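2 protein chains.
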Amino acid sequence: MKVMDIGEFGLIAHIAEIIKKRSSKTSYAWNHLCLGIGDDAAAWSTSRAINLATTDIMIEEVHFDLKYTGWYDLGWKSIASNLSDIAAMGGVPLYALVSLAFPGDVEVENITALYQGMVGVADNFQVVISGGNISFSKQVIISITLLGKAAGNKLLTRAFARQGDYVAITGYPGLSAAGYEVLRKKLDIRPNARKIMLDTHLRPLPRINEARILLKNGVRSAIDTSDGLVADLTHICEASRVSAAIYETNLPLHPFLNEYFPEKSLEFALTGGEDYELLFTAGKAVMDRIKNRLSCPVTIIGEIMSGTPGEVKVFDKHGKSINLENKGWDHYRSRL
Amino acid sequence: MKVMDIGEFGLIAHIAEIIKKRSSKTSYAWNHLCLGIGDDAAAWSTSRAINLATTDIMIEEVHFDLKYTGWYDLGWKSIASNLSDIAAMGGVPLYALVSLAFPGDVEVENITALYQGMVGVADNFQVVISGGNISFSKQVIISITLLGKAAGNKLLTRAFARQGDYVAITGYPGLSAAGYEVLRKKLDIRPNARKIMLDTHLRPLPRINEARILLKNGVRSAIDTSDGLVADLTHICEASRVSAAIYETNLPLHPFLNEYFPEKSLEFALTGGEDYELLFTAGKAVMDRIKNRLSCPVTIIGEIMSGTPGEVKVFDKHGKSINLENKGWDHYRSRL
Chain U
1 MKVMDIGEFG LIAHIAEIIK KRSSKTSYAW NHLCLGIGDD AAAWSTSRAI
51 NLATTDIMIE EVHFDLKYTG WYDLGWKSIA SNLSDIAAMG GVPLYALVSL
101 AFPGDVEVEN ITALYQGMVG VADNFQVVIS GGNISFSKQV IISITLLGKA
151 AGNKLLTRAF ARQGDYVAIT GYPGLSAAGY EVLRKKLDIR PNARKIMLDT
201 HLRPLPRINE ARILLKNGVR SAIDTSDGLV ADLTHICEAS RVSAAIYETN
251 LPLHPFLNEY FPEKSLEFAL TGGEDYELLF TAGKAVMDRI KNRLSCPVTI
301 IGEIMSGTPG EVKVFDKHGK SINLENKGWD HYRSRL
Chain B
1001 MKVMDIGEFG LIAHIAEIIK KRSSKTSYAW NHLCLGIGDD AAAWSTSRAI
1051 NLATTDIMIE EVHFDLKYTG WYDLGWKSIA SNLSDIAAMG GVPLYALVSL
1101 AFPGDVEVEN ITALYQGMVG VADNFQVVIS GGNISFSKQV IISITLLGKA
1151 AGNKLLTRAF ARQGDYVAIT GYPGLSAAGY EVLRKKLDIR PNARKIMLDT
1201 HLRPLPRINE ARILLKNGVR SAIDTSDGLV ADLTHICEAS RVSAAIYETN
1251 LPLHPFLNEY FPEKSLEFAL TGGEDYELLF TAGKAVMDRI KNRLSCPVTI
1301 IGEIMSGTPG EVKVFDKHGK SINLENKGWD HYRSRL
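These protein sequences, in sequence, are chains U and B.
If you're matching positions, the first sequence starts at 1 in the working numbering and goes up one per residue.
If you're matching positions, the second sequence starts at 1001 in the working numbering and goes up one per residue.
Please keep in mind that the hints were generated in silico from the structure rather than gathered at the bench.
Check each hint, because a few of them may be wrong.
To be verified - Under 10 Å between C-beta atoms, here's a sample of chain U residues computed to sit facing chain B: (1) Ala53; (2) Leu97; (3) Ala150.
Claimed, not checked - Simulated pairs of lysine-lysine, DSS-like, Cα-Cα distance not exceeding 25 Å: (4) Lys1138/B - Lys67/U; (5) Lys1002/B - Lys1138/B; (6) Lys67/U - Lys195/U; (7) Lys264/U - Lys317/U; (8) Lys1284/B - Lys1317/B; (9) Lys138/U - Lys1067/B; (10) Lys138/U - Lys1138/B; (11) Lys216/U - Lys264/U; (12) Lys1195/B - Lys1185/B.
Please read these numbers as outputs of a predicted model, since none were measured by experiment.
Glycine residues also receive a C-beta, built at the ideal position from the N, C-alpha and C atoms.
Next comes chain U alone, as it looks inside the complex:
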């Protein structure tokens, strides 16, 4: 069945059903929702709190290709990238608004899969899709806004890195770029390697819970790795008016990354982007405390220094500064 067969408003009713059926109804978000899908705006009540809002857009042929990404995965990733921004603030995600545009000859079952993917990841964090908007367009466009609140009125921001802090990262940077390469080049690799790379690329699980543990234990400065490790550390350094050094020998390169992409593993890890890991800074005492409290891998990869604000240098095993051609994704410069 095509979307044009049921029309815009038939589709909205269909989507509301998917969300009602699949979302966990006992959550804070559901309990505080006054008006969800079906009116001019979503409405909810909160206690006195710091509210958070973030937005991200995914455009066909720019951010994804339906040749490599299924509709379920697309829905998952579109919500996950926004969840990751709330994680980067140490916040609690609550509501998602979905603005969706696509051609009329899309199958309704694809839109169903898209929303199932959205609810699939949202449900992990008790997030409710509470509104949105549907339009015609030639390409598929998914614009998500995620609303949340601070946990205990404290936030992780980009502006609190201090000289002498260590720089640490969760998980294994570069696996998402590797997953994209596997899809794009149709590489035939072992199932367990394939799974971890594709899951990181297509169904990332944002570090919402880990970020709150960081915040509770004294971390104040963090970002999620969406643009790439070096680019995102640069964002922290700019906001904090500091510089940073990363040491190649400290980078947690996943064994599969070294095995399948020995030539590219460093590039993937430093500039790959879309890993949705947490990159954060803190002093030694805080770092020591954290290590035992997170269930995911955490690796100290460098340190914060005084020096040219915003400058990030990567040193190889001989102590030589590596010249990075492409530090990460800039939506305009990356296309020059």
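Fit chain B to the given chain U structure using the hints.
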């Protein structure tokens, strides 16, 4: 200067400057903003309140054509259409998140004009642009999320129309469709007629203040006319499980609409869309009270009845039901 000359992050810094310079800094929104543009999410604090969120997307060649719409007007309208959704809830708008995508060869001065248009309308209601996102795309895409709160914890919703209510509308429906026709067909009309039609189409001023007066005076059910009068009244009737009748003789057709579009004035008024007026229902006592308290025109155009839920009939001066070919905008069916 092209956007690709300054890059994504240069552009974000530029936009942050525009917003800081132009926004009124003394507003509630500014005073409660903890973190604006420049981190992973926007953060603000509110007192215990019902929060509102709405989102709308504008896509080049679908929602606008840069041949007919300048960048300033585009910015204005993109925020205005969202403000109108908050108006339709009787709410107070607070923060806007802007997700923007466009090609790299766009002139930076066009993006400047776009944000000046956004701030231009936002400033009327002390709304702050507090975040967003920028991407490459082949066409211009503007996705806005507007956040606000209920005034006094009451809301106007679509679901409160009751049998026996009158149906009323602010302003003059159809002027926006007329403005689009003037632009599209390059019609040569008198300057004062041209101004009112183009202003309605390109720089609508949403009925935020009027909606709050409605709410204060006992109105409970309203919608903004974005899809078209009949289509939007249908949304109210569906949500309220009632039907409605509109009487052609009661419709407030603007004199310029009759003068320049005698054949099309009725069609424009009933199905034109994008007027961003308020369409609302209330009993006689409330309607009487309101008329003297609003500074804009208000006209009773019909009534709410029992009968097939969601059905809206329009009766001509002979009491005959008018057959409307196209009841308003459905993003998929309108293209069949």
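- Query: Per the CB criterion, is leucine 97/U less than 10 Å away from chain B?
  - Reply: holds, 4 Å
- Take the C-alpha atoms of lysine 138/U and lysine 1138/B, compute the straight-line distance between them, and say whether it is at most 25 Å. With Cα atoms ~11 Å apart, lysine 138/U and lysine 1138/B stay inside 25 Å; holds.
- Message: Under 10 Å is the threshold here; is the Cβ of alanine 150/U close enough to any Cβ of chain B for the hint to stand?
- Response: At 7 Å from the nearest chain B Cβ, alanine 150/U passes the 10 Å test, so the hint holds.
- Item | 25 Å Cα cutoff - pair lysine 216/U, lysine 264/U | Violated, because 36 Å separates the two Cα atoms, which is more than 25 Å.
- Proposed proximity, lysine 67/U with lysine 1138/B (alpha carbon, max 25 Å): Cα-Cα ~19 Å, so holds.
- Message: Between the alpha carbons of lysine 264/U and lysine 317/U, is the straight-line distance 25 Å or under?
- Response: holds, 17 Å
- Task: Given the hint that lysine 1284/B pairs with lysine 1317/B, test it: the Cα-Cα distance must not exceed 25 Å.
- Result: holds, 23 Å
- Is it true that the CA of lysine 67/U sits at most 25 Å from the CA of lysine 195/U? OK: lysine 67/U and lysine 195/U at ~18 Å, within 25 Å.
- Can the hint on alanine 53/U be confirmed by a CB-to-CB distance to chain B that is less than 10 Å? holds, 5 Å
- For the pair supplied as a hint, lysine 1195/B and lysine 1185/B, confirm whether the alpha-carbon distance does not exceed 25 Å. Satisfied, since the Cα-Cα distance of roughly 16 Å is no more than 25 Å.
- Message: Holds or violated: lysine 138/U and lysine 1067/B, Cα atoms, limit 25 Å.
- Response: holds, 19 Å
- Has the given pair, lysine 1002/B with lysine 1138/B, been kept, meaning a C-alpha gap of at most 25 Å? OK: lysine 1002/B and lysine 1138/B at ~15 Å, within 25 Å.
Of the numbered hints listed earlier, the single one contradicted by the structure is hint 11.
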